[in-house]
Amino acid sequence: MTTDENLTRLRAHHNNISRYRRLLRTRLLPLERQFIERRLFDEVAALLSLSASTFPIAFSEPRPGRPLPVAEVMP
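Here this note's numbering is used: position 31 in the sequence shown is 31, and no number is missing along the way.
Accuracy of the hints is not assured; some may be wrong.
Unchecked claim - Computed Cβ-Cβ distance ranges for the label pairs, DEER-style:
(1) Pro64 to Leu23: 36 to 42 Å
(2) Arg11 to Arg38: 17 to 23 Å
(3) Thr54 to Thr26: 27 to 33 Å
(4) Gln34 to Ala12: 20 to 26 Å
(5) Thr8 to Ala45: 17 to 23 Å
Hints were generated in silico from the structure; no laboratory data involved. Positions of the beta carbon are idealized from the N, C-alpha and C atoms, including for glycine.
Whenever a hint applies, use it, and build me the whole structure from the sequences.
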(Lines of atoms letter the chains of each structure in order from A; the text may use other names.)
(Lines give C-alpha, C1' and ligand atoms only; values in the text may rest on other atoms or scores of the structure.)
Protein backbone atom coordinates (compact mmCIF):
# COMPACT_ATOMS: atom_id res chain seq x y z
CA MET A 1 0.00 0.00 0.00
CA THR A 2 1.25 3.47 -0.77
CA THR A 3 1.82 6.16 1.81
CA ASP A 4 -1.11 8.18 0.42
CA GLU A 5 -3.44 5.22 0.86
CA ASN A 6 -2.20 4.68 4.41
CA LEU A 7 -2.67 8.36 5.24
CA THR A 8 -6.22 8.17 3.90
CA ARG A 9 -6.89 5.11 6.07
CA LEU A 10 -5.35 6.83 9.11
CA ARG A 11 -7.61 9.84 8.57
CA ALA A 12 -10.66 7.57 8.27
CA HIS A 13 -9.80 5.78 11.54
CA HIS A 14 -9.24 9.14 13.24
CA ASN A 15 -12.61 10.42 12.02
CA ASN A 16 -14.35 7.24 13.21
CA ILE A 17 -12.70 7.55 16.64
CA SER A 18 -13.89 11.15 16.91
CA ARG A 19 -17.42 10.14 15.91
CA TYR A 20 -17.55 7.28 18.43
CA ARG A 21 -16.27 9.52 21.23
CA ARG A 22 -18.88 12.12 20.35
CA LEU A 23 -21.60 9.44 20.41
CA LEU A 24 -20.44 8.25 23.84
CA ARG A 25 -21.19 11.73 25.20
CA THR A 26 -24.87 11.27 24.29
CA ARG A 27 -27.60 9.35 26.07
CA LEU A 28 -27.45 5.72 24.97
CA LEU A 29 -28.95 2.41 25.94
CA PRO A 30 -26.47 0.04 27.62
CA LEU A 31 -26.38 -2.22 24.55
CA GLU A 32 -25.72 0.75 22.26
CA ARG A 33 -22.96 2.03 24.55
CA GLN A 34 -21.35 -1.40 24.64
CA PHE A 35 -21.41 -1.64 20.85
CA ILE A 36 -19.88 1.82 20.39
CA GLU A 37 -17.19 1.17 23.02
CA ARG A 38 -16.24 -2.04 21.23
CA ARG A 39 -16.09 -0.24 17.87
CA LEU A 40 -14.01 2.54 19.45
CA PHE A 41 -11.55 -0.02 20.82
CA ASP A 42 -11.30 -1.68 17.38
CA GLU A 43 -10.71 1.66 15.64
CA VAL A 44 -7.99 2.70 18.11
CA ALA A 45 -6.26 -0.66 17.68
CA ALA A 46 -6.42 -0.36 13.89
CA LEU A 47 -5.11 3.21 14.04
CA LEU A 48 -2.17 2.23 16.24
CA SER A 49 -1.31 -0.77 14.09
CA LEU A 50 -1.48 1.20 10.85
CA SER A 51 0.52 4.05 12.39
CA ALA A 52 3.25 1.68 13.49
CA SER A 53 3.52 0.10 10.05
CA THR A 54 3.33 3.42 8.19
CA PHE A 55 5.77 5.27 10.44
CA PRO A 56 7.99 2.54 11.95
CA ILE A 57 10.57 4.92 13.43
CA ALA A 58 9.61 6.88 16.51
CA PHE A 59 11.66 9.77 17.77
CA SER A 60 11.43 10.99 21.32
CA GLU A 61 12.78 14.21 22.72
CA PRO A 62 15.20 13.90 25.60
CA ARG A 63 13.90 15.02 28.96
CA PRO A 64 15.22 18.33 30.25
CA GLY A 65 18.40 17.84 32.23
CA ARG A 66 19.18 14.45 30.68
CA PRO A 67 22.05 14.07 28.24
CA LEU A 68 21.41 12.86 24.73
CA PRO A 69 22.05 9.13 24.29
CA VAL A 70 25.38 8.52 22.59
CA ALA A 71 26.27 5.27 20.87
CA GLU A 72 29.53 3.75 21.97
CA VAL A 73 32.03 3.93 19.11
CA MET A 74 34.83 1.95 20.71
CA PRO A 75 34.41 -0.59 23.50
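The hints, checked one at a time:
For the pair Pro64 and Leu23, the beta carbons lie near 39 Å from each other, so the given range of 36 to 42 Å is met. Checked against the hint of 17 to 23 Å, the pair Arg11 and Arg38 passes, with Cβ atoms roughly 22 Å apart. Checked against the given bound of 27 to 33 Å, the beta carbons of Thr54 and Thr26, roughly 32 Å apart, stay inside it. Judged by the Cβ atoms, the range 20 to 26 Å given for Gln34 and Ala12 holds: they are separated by roughly 23 Å.
At about 18 Å, the CB distance of Thr8 to Ala45 agrees with the hint of 17 to 23 Å.
In this structure, every one of the numbered hints holds.
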